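Colleague: Quick note: the sequence shown uses numbering that gives the first Met the number 0, first residue 0, plus one each step.
Where hints are given, some of them may not hold.
Claimed, not checked - Listed next, the in silico PhoX-like pairs over lysine-lysine satisfying Cα-Cα at most 25 Å (straight line):
| no. | residue 1 | residue 2 |
| --- | --- | --- |
| 1 | Lys2 | Lys29 |
| 2 | Lys31 | Lys18 |
| 3 | Lys31 | Lys2 |
| 4 | Lys29 | Lys48 |
| 5 | Lys29 | Lys18 |
| 6 | Lys18 | Lys48 |
| 7 | Lys2 | Lys18 |
| 8 | Lys48 | Lys2 |
| 9 | Lys31 | Lys48 |
As the list claims (entries may be wrong) - Taking CB as the label site, the calculated pair distances span:
| no. | residue 1 | residue 2 | range |
| --- | --- | --- | --- |
| 10 | Thr6 | Leu55 | 29 to 35 Å |
| 11 | Leu55 | Ser14 | 17 to 23 Å |
| 12 | Lys48 | Leu16 | 17 to 23 Å |
| 13 | Thr6 | Ile40 | 14 to 20 Å |
| 14 | Ser27 | Met0 | 17 to 23 Å |
| 15 | Arg28 | Asp54 | 32 to 38 Å |
| 16 | Ala5 | Lys31 | 14 to 20 Å |
| 17 | Asp54 | Pro8 | 15 to 21 Å |
| 18 | Val12 | Asp32 | 19 to 25 Å |
| 19 | Met0 | Leu53 | 23 to 29 Å |
| 20 | Leu10 | Asp32 | 14 to 20 Å |
| 21 | Leu53 | Leu16 | 16 to 22 Å |
Treat the hints as calculated values from the structure; they're not laboratory data.
Remember, predicted model here, so these are calculated numbers, not experimental data.
For glycine and all other residues, C-beta sits at the position ideal for the given N, C-alpha and C.
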Amino acid sequence: MIKTAATMPCLRVNSGLVKPGDVGRIVSRKPKDVWAVRLSIGTYLIDGKYFQPLDLAEAEHN
Numbered sequence: 000m001i002k003t004a005a006t007m008p009c010l011r012v013n014s015g016l017v018k019p020g021d022v023g024r025i026v027s028r029k030p031k032d033v034w035a036v037r038l039s040i041g042t043y044l045i046d047g048k049y050f051q052p053l054d055l056a057e058a059e060h061n
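Between the sequences and the hints, there should be enough to build the whole structure, so can you do that?
Modeller: Below you can see the structure in the form of structure tokens.
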């Protein structure tokens with residue numbers, strides 16, 4: 000289950016829409032280390048322990 004970052008957040012079944020390795024942009028920080036992250040399929044609230052910063056220098060070399 001993933002939670003949308005809409006005005007009234009709701010839980011959605013993650014049927015393979017968000018996969019490990021997907022890249023998103025942080026929109027805002029919420030309380031308790033929760034972040035609003037914009038992905039290609041929408042904006043979702045994700046706990047900070049489930050993602051890491053993208054190293055752009057490393058990504059350019061691959």
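Colleague: Hint by hint, say whether it matches the structure.
Modeller: Verification of the hints:
At most 25 Å may separate the alpha-carbon atoms for a hinted pair to count; lysine 2 and lysine 29 meet this at roughly 13 Å. Taken as a hint, the lysine 31 and lysine 18 pair is honoured in the structure, with Cα atoms around 23 Å apart against an allowance of 25 Å. Between the alpha carbons of lysine 31 and lysine 2 the distance comes to roughly 15 Å, so the proposed pair stays at or under 25 Å and holds. Under the criterion of a C-alpha separation no larger than 25 Å, the hint pairing lysine 29 with lysine 48 is consistent with the structure, at around 14 Å.
Between lysine 29 and lysine 18, the direct Cα distance comes to roughly 22 Å. Compliance with the 25 Å bound is thereby established for this hinted pair. Only pairs whose Cα atoms come within 25 Å are accepted, and lysine 18 paired with lysine 48 is accepted, the gap being roughly 15 Å. Among the hinted pairs, lysine 2 with lysine 18 is consistent with the structure: their alpha-carbon atoms are about 15 Å apart, no more than 25 Å. Between lysine 48 and lysine 2, the direct Cα distance comes to roughly 15 Å. Compliance with the 25 Å bound is thereby established for this hinted pair.
Restraint check: the Cα-Cα separation between lysine 31 and lysine 48 comes to about 11 Å, which is no more than 25 Å; the hinted pair holds. As the Cβ distance of threonine 6 to leucine 55 is approximately 32 Å, the hint placing it in 29 to 35 Å holds. Checked against the hint of 17 to 23 Å, the pair leucine 55 and serine 14 fails, with Cβ atoms roughly 30 Å apart. Evaluation of the 17 to 23 Å hint for lysine 48 and leucine 16 yields a pass: the beta carbon distance comes to about 20 Å.
Separation of threonine 6 from isoleucine 40 is about 18 Å and conforms to the stated range, judged on CB atoms against 14 to 20 Å. Against the hinted window of 17 to 23 Å, the Cβ-Cβ separation of serine 27 and methionine 0 comes to about 21 Å, which satisfies the hint. Between arginine 28 and aspartate 54 the C-beta distance comes to about 20 Å, which lies outside the given range of 32 to 38 Å. Checked against the given bound of 14 to 20 Å, the beta carbons of alanine 5 and lysine 31, roughly 19 Å apart, stay inside it.
Against the hinted window of 15 to 21 Å, the Cβ-Cβ separation of aspartate 54 and proline 8 comes to about 30 Å, which falls outside the hint. Against the hinted window of 19 to 25 Å, the Cβ-Cβ separation of valine 12 and aspartate 32 comes to about 24 Å, which satisfies the hint. Judged by the Cβ atoms, the range 23 to 29 Å given for methionine 0 and leucine 53 holds: they are separated by roughly 24 Å. Taking the beta carbon of each, leucine 10 and aspartate 32 are about 19 Å apart, inside 14 to 20 Å as hinted.
For leucine 53 paired with leucine 16, a C-beta distance near 19 Å keeps the hint of 16 to 22 Å intact.
Comparing the model with each numbered hint stated earlier shows that hints 11, 15 and 17 do not hold.
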